[in-house]
Amino acid sequence: MTPHPSGTPARPPYPTPATPPQGAPPASGGPSGPHPVADPRWARPALLALLLVTALLYLWSLSSSGYANQFYSAAVQAGSESWKAFFFGSSDAANAITVDKPPAALWPMALSVRLFGLNSWAILVPEALMGVATVGVLYAAVRRRFGAGAGLLAGGALAVTPVAALMFRFNNPDALLCLLMVCAVAAVLRALDDGRTKWLLLAGFCFGLGFLTKTLQAWLILPALAAVYACCAPVALRRRLGQLLLAGLAMVVSAGWWVAIVELWPASSRPYIGGSQHNSFLELTFGYNGFGRISGNETGSVGGGGRGGHGGGGWGQTGITRLFSSDMGGQISWLLPAALILLVAAVCVLWRARRAVAAEQAAQRAEFLVWGGALLMTFTIFSFMSGIFHQYYNIALAPYIAALVGMGATLLWRRGGRLAGAVLAGTAAVTAGWSFVLLDRSPQWLPWLRWTVLVLGLLAAAGLLVAAVRPGAASRTAAADGDAAGNGAVDGNEDAHRAGAPRGGAGRRIAVLAGGLAVVTALAGPVAYTLDTVNTPKNGSIITAGPAVRGGMGGHGGFPGGRGGRMWRGAGAKGGMPGGVPGAGRGGQGLPPMAGGPGRGGKQGFPGGFGERGGRGGGMGGLLNGSKVSDRAEALVSKDADHYTWAAAAIGAQNAASYQLATQKPVMSIGGFNGSDPSPTLAQFKKDVADGKIHYFIAGGRGGFGGGKGGRGGAMAGPGGKGGPGGASGDSSTISSWVEKTFHKVTVGSATFYDLTRKA
303 MTPHPSGTPA RPPYPTPATP PQGAPPASGG PSGPHPVADP RWARPALLAL
353 LLVTALLYLW SLSSSGYANQ FYSAAVQAGS ESWKAFFFGS SDAANAITVD
403 KPPAALWPMA LSVRLFGLNS WAILVPEALM GVATVGVLYA AVRRRFGAGA
453 GLLAGGALAV TPVAALMFRF NNPDALLCLL MVCAVAAVLR ALDDGRTKWL
503 LLAGFCFGLG FLTKTLQAWL ILPALAAVYA CCAPVALRRR LGQLLLAGLA
553 MVVSAGWWVA IVELWPASSR PYIGGSQHNS FLELTFGYNG FGRISGNETG
603 SVGGGGRGGH GGGGWGQTGI TRLFSSDMGG QISWLLPAAL ILLVAAVCVL
653 WRARRAVAAE QAAQRAEFLV WGGALLMTFT IFSFMSGIFH QYYNIALAPY
703 IAALVGMGAT LLWRRGGRLA GAVLAGTAAV TAGWSFVLLD RSPQWLPWLR
753 WTVLVLGLLA AAGLLVAAVR PGAASRTAAA DGDAAGNGAV DGNEDAHRAG
803 APRGGAGRRI AVLAGGLAVV TALAGPVAYT LDTVNTPKNG SIITAGPAVR
853 GGMGGHGGFP GGRGGRMWRG AGAKGGMPGG VPGAGRGGQG LPPMAGGPGR
903 GGKQGFPGGF GERGGRGGGM GGLLNGSKVS DRAEALVSKD ADHYTWAAAA
953 IGAQNAASYQ LATQKPVMSI GGFNGSDPSP TLAQFKKDVA DGKIHYFIAG
1003 GRGGFGGGKG GRGGAMAGPG GKGGPGGASG DSSTISSWVE KTFHKVTVGS
1053 ATFYDLTRKA
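Note that my numbering has the sequence shown beginning at 303, numbered continuously upward.
Any given hint could turn out to be false.
[To be verified] Straight-line C-alpha distance at most 30 Å; calculated BS3-like pairs for lysine-lysine:
1) Lys1043 x Lys988
2) Lys1061 x Lys930
3) Lys941 x Lys1043
4) Lys1061 x Lys386
5) Lys1061 x Lys1043
[To be verified] Beta-carbon label-pair distances, calculated as ranges:
6) Trp753 x Arg934: 20 to 30 Å
7) Leu413 x Arg811: 31 to 41 Å
8) Arg811 x Leu721: 13 to 23 Å
These are computed hints drawn from the structure, not numbers from a lab. We put the CB at the ideal spot given by N, CA and C, even for glycine.
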C-alpha cells in the first residue's frame, strides 16, 4: 500500500465495511460465484436489536384489536374445532361455506388456537412473528451482497413501514403472503449466486404456498424474477431454462395438490367455495380473486363488477399516481420515490463493470434487477387494476422498497464522489419534501413534525452535497469499488491516496453527520404513522394505518371507492363509512356507486341508517365489521346449540362470525362474505330447516351488497330480488323473506331472531 506523504494511510471519504484480507477464504458463498460481504463485529448484536425492537413493536398492545377481522377469526375458530374445516378453510365447523381465499393463511392461526385456546393473542401472535421473520429474511438477503449496514437499513425501513406494521398485527392473509414473497426473492438471489437448482426449487415452493395464501397475487412478480434469472444466472442458457421449468413444476405441485383435492372432492360432501358463483375454486381463482381484480368485472363482489373503465371505477381512480394519493400515500409511499431514484442510479452505476470487480458488480446489478423488477411489476398492477383494491394490499410493496433503499443508499455511499453524493443529496431532499406532503394531509396531527422533517431533511441533503464536492472527495476510489463489492481484491487506501481523498477530515465528518440525519428524517414520518397504528385498535374488514387524512380514507377503517371525499370526524364508530357521510368515523374517500337505498337505522356505521335492522351492526349492516353480540343474545343462541348442526344462520359472513366467535358454535353464513354467493339456495335452506339442523335465523344484513330487496334494512341492497350490484343472486333475500313469513320472531334487546323450530 502506498503511504500518504504525511506517513499516514489515506482514508476514503465515506465509511466502508471491514473486508477480509487478500487471499482469505470467503465468509460464505458458492464455489464459483462472487462472495458475500464479511460482517463487522457489531452486525450480529445490531441484528438482534432490530429483531427485538420489531417484535416489541408488533406485539405491543396486540390484544386491543380483539378478533381483528372476524371473518377470518371465525374460520380460524372453525379450523381449530374441525380438521375438515381446517383443510378447506371453512367459515364454520359444520362446513357450510369457505372463506373467499384458499386456507394457507388460516392454518398457522388455527394451529395456535388449537394449542392455546380461542383468544386474540392466539390468533394474532403468529402474524406478528411472521413480521419479525420477514424483517430477518430481508436483512439476510440484502446483507449477503451489500453488507450488514445495508441489511439493517432495509430491515428497519420495512419494520416501520406503516402498512407493514398494520398487517403484521392483523389476521388477513397478507402477512403470510409478504413473508413468502420475501423468502422467494431471497431464494432466487441465492440461485443467482452459483446457479444451484435447489434454490430455484425452494423459490417455486414459496410461490406455490403463496398461491394457497392469496391465489394469483402471489405470482405478480414471477415474470420479473424469471426474466432476470434467465438473463443473469451464471450457468449455460439451456441449463437456466431447464431450471426455470423445474421451479415452475415445484410451484405447480406445491399449490396444485390442494386445488386438485378440492376440485375432485364431491361437492355434496365439502363446503361451498365462498366467493364463487358456481362452487368452483378455479372459478374463484381466475374470476373474483383473479382477472376480475384487474378488469373490475367481479361478479358477486362488494360494489359489483364491470365498473373498471378508464381512469377509475368503484374502487377509486387508477393511474400512475394512485399509490401516492391521499388514501394510499401514507400507507406505503414514504420511501417509494427514494427507492425508484436509487434503483435507476444503481443500475446506471453498475451497468459498466470494471474488470477487477466485474463479477461482483454483475451480481449486484442482478440483485437490483430482481428487487426492482418485483417493485415495478407490483406497482404497475396495483396502480392500474380496476377491481377490488384495499389500502392494506400495499404491504406487498414494502419489502421491495425497503431492499432498494438499503442497497442503493449503501452502494452510492461507499462509492463516494460528486455524482454519487449528488444523487444521495437529491434523494434525501425528495424524501423530505414528500414526507412533508404526506404529513400535511393530516394538519391537526403532530403539526410540528412535517416542518421538522422538511427542514432537517433539506439540511441533511445540503450536508451530503457539500461533502461530495469538497476537494479530494470528488474522485471515485477503487476502495469504494472494492469495499462495496466486499472482496478486498483492490487496495482501497492506495487508490484513495492517489485520488487525493481526505484523511478523515471535515468532508468525511460532514458526510457521516448528514447521512445519519438523512436516515432519521426519512424514517421519522413512517415511524410516527406506525406508532399511531400500533396504539389504535384495528378491527373489521377494511383497515388503514396512521391518522385520518384530507381528501382520502386514512384513519381507522372505512370503505374505499368513490371519487374523492373529505375527512370527517363525526360520531360514528371507527371503521364506519367514510366519504361524504358526515359522522361516519375517521374517514374518507367515498363509497362505490351503489343501487338501492338505505336501511332503517344502524347504530354504527351510517348516520341515518345504513346499518342492520335493529341497529346492531357495524358498517354497512355488519358486512364490514360484524355485529355486537349482547350477553342475552349470546345466551339465546348458545341454548341447546349442541342439538343442532348450526346454532344459527345469518346473512353475510361478518354477521355470522360475530355470533360464532361469541358462542363458539357453528353459525351458517348465508351468501358468504357479501351475502351474494348462491349458497345455500332457498330449497337447500328449507331442507336443512326441515331436518332440524338450524335453530335460529339472525335478522338483519338483508342480502348485503348482493342483491336483495333494497330499502328496508338491507345493507345498501339493490332493488329487486336479483337487482343488487354485481349481478349477485337473490337467494339471501328470498331466504330472509321466507323466514320472516314462516317462523316465530324473538326479540332480545335490539337484536331480532327467528326460531326455526316454531312456526309463526
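Hints broken by the structure, by number, lowest first?
Numbers 4, 6, 7 - these are the hints that the structure violates, sorted from lowest upward.
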